[in-house]
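K.L.:
We have chain E already, so just place chain U on it with the hints.
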Amino acid sequence: MTSHDLLAILPELALVLGGGVLVLAEVFAPSLRRAFGPLAALIALGAMLLRWTVLVDGTAFAEALRLDELGRFVDTYVLVAVVLAALVAVPYLRRTKHEFGEFYGLLLWAAAGAMVMAKTDHFLVVFVGLELLSIGLYVLNAFHRTSGISLEAGWKYLVVGAFAAAILLFGIALTYGATGTFSLAEVAARIANGEGLSGSLLLAGLALILAGFAFKLAVVPFHAWAPDVYQGSPTPVTAFLSVVPKGAVLVVLMRVSAAFVPAALTPRWLPLLAAVAVASMVLGNLVAIAQRDLKRMLAYSGIAHMGYALVGLVAFGRDGLAGILVYFAAYTLMNIAAFAVVAAFSESEDEPHLLTDLAGQGWKRPVLSLALSIAMFSLAGIPPTVGFTAKFLVFRAAVNEGWVWLAVVGVLASLVSVFYYVRVVFYLYMKPLPKREPAYSEPWSIRLVAAGCAAAVVALGVLPAWLLELAEAAAATLVR
Amino acid sequence: MLHDTLLSTLILTPGAVGLVVLLLLPRQADSAARWLGLLASLATLALAALAWSRFDPANPGFQLVEQRPWLPQVGISYSLGMDGIALVLVLLTALLQPLVFISSWISISQHVKGFIASMLLLETGVLGAFLATDLFLFYVFWELMLIPMYFIIGVWGGERRIYAAVKFVLFTLAGSLLMLVGILYLAYLHHAQFGVWSFAYGDMLRLNIPMGAGFWGSPQLLLFAAFALAFAIKVPVWPLHTWLPDAHVEAPTGGSIILAGILLKLGTFGLMRYNRPLFPEAWEAATPLFMVLAVVAIIYGALVAWAQKDIKKLVAYSSVSHMGFIILGLFAGTVASTQGALIQMINHGLSTGALFMLVGVIYDRRHTRLIEDFGGLAKVMPLYTFAFLLATLSSIGLPGLNGFVGEFLILTGAFAEHPLAVALAATGIVLGAIYMLSLVQRVFWNALVHEENRNLTDLTWREALAFAPLALFMVWIGVQPGTFLRLSEAAVRHLIGG
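Residue numbers (the working numbering), protein chains in the order written: chain E, 1 to 480; chain U, 481 to 978.
No lab work stands behind these hints: they were computed from the structure.
Heads up, the beta-carbon is just placed ideally off N, CA and C, and yes, glycines get one too.
The reader is advised that the hints may include incorrect statements.
[As the list claims (entries may be wrong)] Non-contacting residues of chain U with respect to chain E, defined by C-beta distances greater than 10 Å in every case (computed):
#: 1; residue: Gln543
#: 2; residue: Ile642
#: 3; residue: Leu685
#: 4; residue: Arg756
#: 5; residue: Ala766
#: 6; residue: Asp790
#: 7; residue: Val860
#: 8; residue: His930
#: 9; residue: Glu932
[To be verified] Going by beta-carbon spacing under 7 Å, a handful of chain U positions derived as facing chain E:
#: 10; residue: Leu551
#: 11; residue: Gln553
#: 12; residue: Gly634
#: 13; residue: Val635
#: 14; residue: Gly638
#: 15; residue: Val649
#: 16; residue: Leu657
#: 17; residue: Val661
#: 18; residue: Leu664
#: 19; residue: Tyr665
Looking at chain E on its own, in the form it has when it is part of the complex (with noise of 0.2 Å):
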């Protein structure tokens, strides 16, 4: 291990280790406990502010960990979504009388988990920072340790969580025998020298990858836990985990498809991806539309999204890598904003946050609102909101790729889903208030969130060109 190495780490060494401050606090400064949310935050905004100002090239760790644009970009994404999260968390847990520091601590933990496994191009370093993340949330799904149903989700989450990981192992494992090599960049090099890499084995192993994968993304026909994880765990965990795993799971699966797809894969890799896209984008929508409690809703309206997110990397190219990276950005500003509201608008955690709980709010809370209305439409795709931005890239380029019959059923998918985003709206503001007043509390830090979000929503809609060309370079750097 060198200085470099180190340097190349910093930002993850300060979230371990502002973890286990966190965490030591508890037993030891207790009263403290008010200020250890603001306190992550800070030190995740401080692991961003190190990521863009220590800027390490090339590869560290003997060539396990890349250092590149891409990386850079993931890592932003996933600590933007730790510190939204942990606002949303502080006056949650306050209110469940959940408030310790081991929540903080395993929150910035999970995130070090994502980051390692986003920027990683080793197999093994992948599986690793996948269960470092996952092991996280097992323990946080599960932290509202006196209600059923959140124990209920980290169970589930654990054994779906152990069973995909056990998948994505023999994958892996398979891989390596067909391959001999744990490194992507040695698999793309050799592909690159002409050695076709086909053969059943490597079919087998690359199949049972995006199985283990398509588990963490909750994709068709692997999504199946999926909601009931999203409405058992605490409001602020779900936000957390409907975007950070998602997101870092996607970028795995860009370098895989990066480094193995040009050989003679092509032909199945892709009908298989294009399937589960569609399926995810056509059942997500539908059984949305059936659903009552906001969670549940959002939990299958991140299955369709999921799916639209494969469009791009069915199109792959610069273009379909670039809109994924832009439709990870707004699905985190989108999804965070409504998550953040859902958890305002409800009385207590042991009840369903169900869409009538809205009724008439629109008038009465403007700003969450306000917020969350912003949020759906983006979620629904309406320009001039980031989520249309997203699609229209992730659209484009499977266009521009010969996908047009995948387009045509994404816009199709998504318009089925406009259906219950705007129902969200209609019940904020067109139902009447319910005679009993919900006793709703507005904290500060959950309007900072949601007014936050649903402005940068607005405002990447707006103008995009600054974050396209972010995303641009990053995909660059797996494909010209």
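P.N.:
Showing chain U alone in chain E's frame:
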């Protein structure tokens, strides 16, 4: 300096004020919101008049052009331009908006801020869609109209407003999302043929879009269909019209005026601006189909309007019939018929806008719109009767008023090539006269049987003020159509010729 950014200023003024109203005004500042809205819309009208004064009617191309890179990596630019076709529609929009605010000054009393902001944002969307010369920008403005209209129908509408609002959104989006794929495909073709990414309207005109064989094998026909579906839903062309009666009837008066007066025009404008010049062969191939649909719409709309018991529904269905004339004029494709279609778009905006406004007037007083609840109003409300009669006569095309000019130009322009369609459409005019005059008969002349109608107040000065500009233009276009036809003639000749 304003010259370089005149169109941007025109487009963004209402939206910017709308955001101020929405985000910055205190919650109970209803009156301030109303005044701000009115002032913003008047400022927009002044800017539109300024654009008119700087417009050169002899030039068929885009004027007051603005262009800035927006998403340069993808070839998207923020580019605006105004030709004669856009100009007249912009003028109509800018004229109707302040009248909407005046006419709904009192009738909108709930969530006033939201209403004003929605209307102003809607106006920005409409003006932007008329003036955009980049397909992506056009699409953004096109969709921008959706959310404010959803709120206008859904929050301030009638009993079945939710159903109507959701139906409106889903119908509109169903068409426009496919158009989005079409736009993406056009950009792809441009890159394939010229090696450059672009969404610019001018660049798209240079494309060579293959006709291919059959429908599914023909890129041009498919693209035509993708665009035409979006626009035909908006017009609406029969049989895609079913959202219209719901939306119109449930929308508040101001919403109906904008919907009928302006939003429907975006459909016919889109066909004119995009479908005809971009896909000329497909346009040719689709002409018989659209002729049939237009004639069906004219007659079906008229017959259904005739059967209505609700005044607002009657006016709504009459829109289906009138928009049929416009489609007929567009697809007949001569200069006269196209000019007629364009002026008829204005006329329909004026007369139907006026009718919806006047229906709102008695609805505010009686909270009913059923024809049978009225009768004999002529004695009680003479001024109102005069206004309604004027709007009716304009709507059915009495010579000397605006409606006549449009219908006459459409039918004479189309007759040489499509005599049968013209003959059938002419029956629509007769039917129009029948249902409108019988409406007037039943509402204003018959015996005054309902006691509660005996004490209705006549038009107030505020209502008269909202109506007067419409009446002025009805007569002006009727007597002196040249003033307006001249504005768009060069652009229309250019459109037909190339």
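K.L.:
Each hint should be assessed against the structure and marked as holding or not.
P.N.:
Checked hints:
1. Gln543: It holds; glutamine 543 of chain U is separated from chain E by about 26 Å at its closest Cβ, greater than 10 Å.
2. Ile642: 6 Å, violated
3. Leu685: 20 Å, holds
4. Arg756: 24 Å, holds
5. Ala766: 20 Å, holds
6. Asp790: 22 Å, holds
7. Val860: 36 Å, holds
8. His930: Given a closest Cβ separation of 32 Å, the condition holds.
9. Glu932: With a cut-off of 10 Å, glutamate 932 of chain U remains clear of chain E, as the shortest Cβ separation is near 29 Å.
10. Leu551: 5 Å, holds
11. Gln553: Cβ of glutamine 553 of chain U sits 6 Å from chain E, so the hint holds.
12. Gly634: Hint holds; glycine 634 of chain U Cβ to chain E Cβ min 5 Å, cut 7 Å.
13. Val635: 6 Å, holds
14. Gly638: 12 Å, violated
15. Val649: 6 Å, holds
16. Leu657: 4 Å, holds
17. Val661: Since the shortest Cβ distance to chain E is 5 Å, the answer is holds.
18. Leu664: 4 Å, holds
19. Tyr665: 6 Å, holds
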